[in-house]
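Quick mapping for you: the protein sequence lines, in order, are chains W and X.
Following this note's numbering, the numbering of the first sequence begins with 1141 at its first residue and continues without gaps.
Following this note's numbering, the numbering of the second sequence begins with 925 at its first residue and continues without gaps.
Simulated from the structure, these hints should not be mistaken for lab results.
All C-beta atoms in this analysis are idealised placements derived from N, C-alpha and C, irrespective of residue type, glycine included.
Hints are not guaranteed to be accurate.
Pairs of lysine to aspartate or glutamate, EDC-like flavour, derived with a Cα cap of 20 Å [said to hold, decoys possible]:
1) X:Lys1009 with X:Glu962
2) W:Lys1349 with X:Glu979
3) W:Lys1340 with X:Glu979
4) X:Lys942 with X:Asp1014
5) X:Lys1009 with W:Asp1259
6) X:Lys961 with X:Glu1030
7) W:Lys1298 with W:Glu1418
8) X:Lys956 with W:Glu1262
9) X:Lys1009 with W:Glu1151
10) W:Lys1367 with W:Glu1283
11) W:Lys1340 with X:Asp1014
12) W:Lys1184 with W:Asp1265
13) X:Lys956 with W:Asp1259
14) X:Lys1009 with W:Asp1345
To spell it out: a stretch of chain W is covered by chain X in this simulated footprint if at least three of its residues, at any positions, have a beta carbon under 8 Å from a beta carbon of chain X; those stretches are [claimed, not checked]:
15) 1217-1228
16) 1304-1310
17) 1314-1320
18) 1362-1375
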Amino acid sequence: MSRETVLVTAEWVEEHLDDPSIVLVEVDEDTTSYDKGHIRGAIKLDWTTDLQDQVRRDFVSKQQFEELLSSRGVGNDHTVVLYGGNNNWFAAYAYWYFKLYGHQAVKLLDGGRKRWELDSRELTDELPERETTSYTAQEQDTEIRAFRDEVIAAIGVKNLVDVRSPDEYAGRLLAPAHLPQEQAQRAGHIPTAASVPWSKAANDDGTFKSDDELNTIYSEAGVDWNKDTIAYCRIGERSSHTWFVLKELLGQENVKNYDGSWTEYGSLVGVPVALGDEPGQADGQSA
Amino acid sequence: MCGATEGGLSLDGIDVAKEAIIQGRVVRAGSKGPGSKEGDPVGNAYVRLLDRTGEFTAEVPTSATGHFRFFAGPGDWTLRTLAPKTEPVDIVVSAEVGAIREVAVEV
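Sequences and hints are given; from them, build the entire structure.
As structure tokens, this is what we get:
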């Protein structure tokens, strides 16, 4: 992968607004953002209802994903261009999700909705009309999705990258600071995980930093490029952003996103937890 | 005093006694073109919360009325506000559990 294959600029999107081979998709943490105004022609995916099973904690099934994309007018041959708020957290999550179900032609709008808004580019409340399709998804590609047992086995063995803010990593906060802090799970991080906040990979306007800058950031944080990597955050959306950086921009081979992330790990009985600013030992004792 | 949001975002259902809240409103310091004047709320700004080391912790878009809110921890934080047609504005603010810090940002 390279930057040109997986990222597009706002100018590129403006030039392709009427291109029938492109489907623009907005995905936001704040699921009402789209309704207040979106890029012309863009459809909305709601990460809480469209992309999550509504009973158990898991993704929608292959069949549900097929029904979703078919009903929204996304075909197998379409190039999907994702964008969203929060520096593309949930757009990157959807990018990873599309890859998980085998859609190869996916791109992110660099800088997402924020860069678009800060440039004062046009937003509309007009809803697009799209013809339904007959979308076929692949089986989930578990080469890019990590589950809890795999994460526990990776302690002290693989690269674990905690992409939450330093205060969440250390255990001083339990959630991103725009959300209430009262949570059920324990605070801290997975022992031996390196702290590389997702935000280090992005400029203030939400665009990604250069490959050279990105390489330096992860190398200095202790990521061993010869090892497999698992990224995690709180619910798997910020770590999708980092998964995108490591896998799609920097071309690392074996990178997985642990979507259970801290809300699962921090609730498990008996697993080691490290507190404080250092990675800690594999058994959770401080270094 | 609980929920004193001055017409801002609702705190209904949130246990304010357990949170260290930083909130406020972004308004224009002066005209930025036709139809824009000093004191206008800025509903398309982004407010970033940076920790004591300057590291990013959270970011929110402002509401239509220019309001924003963070659930921080106790201590010193920096609010960095980005808005169209203006330079970023940094404001240092101190938070404590059980208190609501109101911050007025002019861009």
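Hints, one by one, checked against the model:
no. : hint                     : result
1   : X:Lys1009 with X:Glu962  : 14 Å, holds
2   : W:Lys1349 with X:Glu979  : 16 Å, holds
3   : W:Lys1340 with X:Glu979  : 8 Å, holds
4   : X:Lys942 with X:Asp1014  : 26 Å, violated
5   : X:Lys1009 with W:Asp1259 : 8 Å, holds
6   : X:Lys961 with X:Glu1030  : 12 Å, holds
7   : W:Lys1298 with W:Glu1418 : 17 Å, holds
8   : X:Lys956 with W:Glu1262  : 18 Å, holds
9   : X:Lys1009 with W:Glu1151 : 18 Å, holds
10  : W:Lys1367 with W:Glu1283 : 15 Å, holds
11  : W:Lys1340 with X:Asp1014 : 19 Å, holds
12  : W:Lys1184 with W:Asp1265 : 12 Å, holds
13  : X:Lys956 with W:Asp1259  : 14 Å, holds
14  : X:Lys1009 with W:Asp1345 : 13 Å, holds
15  : 1217-1228                : holds (count 3)
16  : 1304-1310                : holds (count 3)
17  : 1314-1320                : holds (count 6)
18  : 1362-1375                : violated (count 0)
Of the hints listed earlier, those the structure fails to meet are numbers 4, 18, in rising order.
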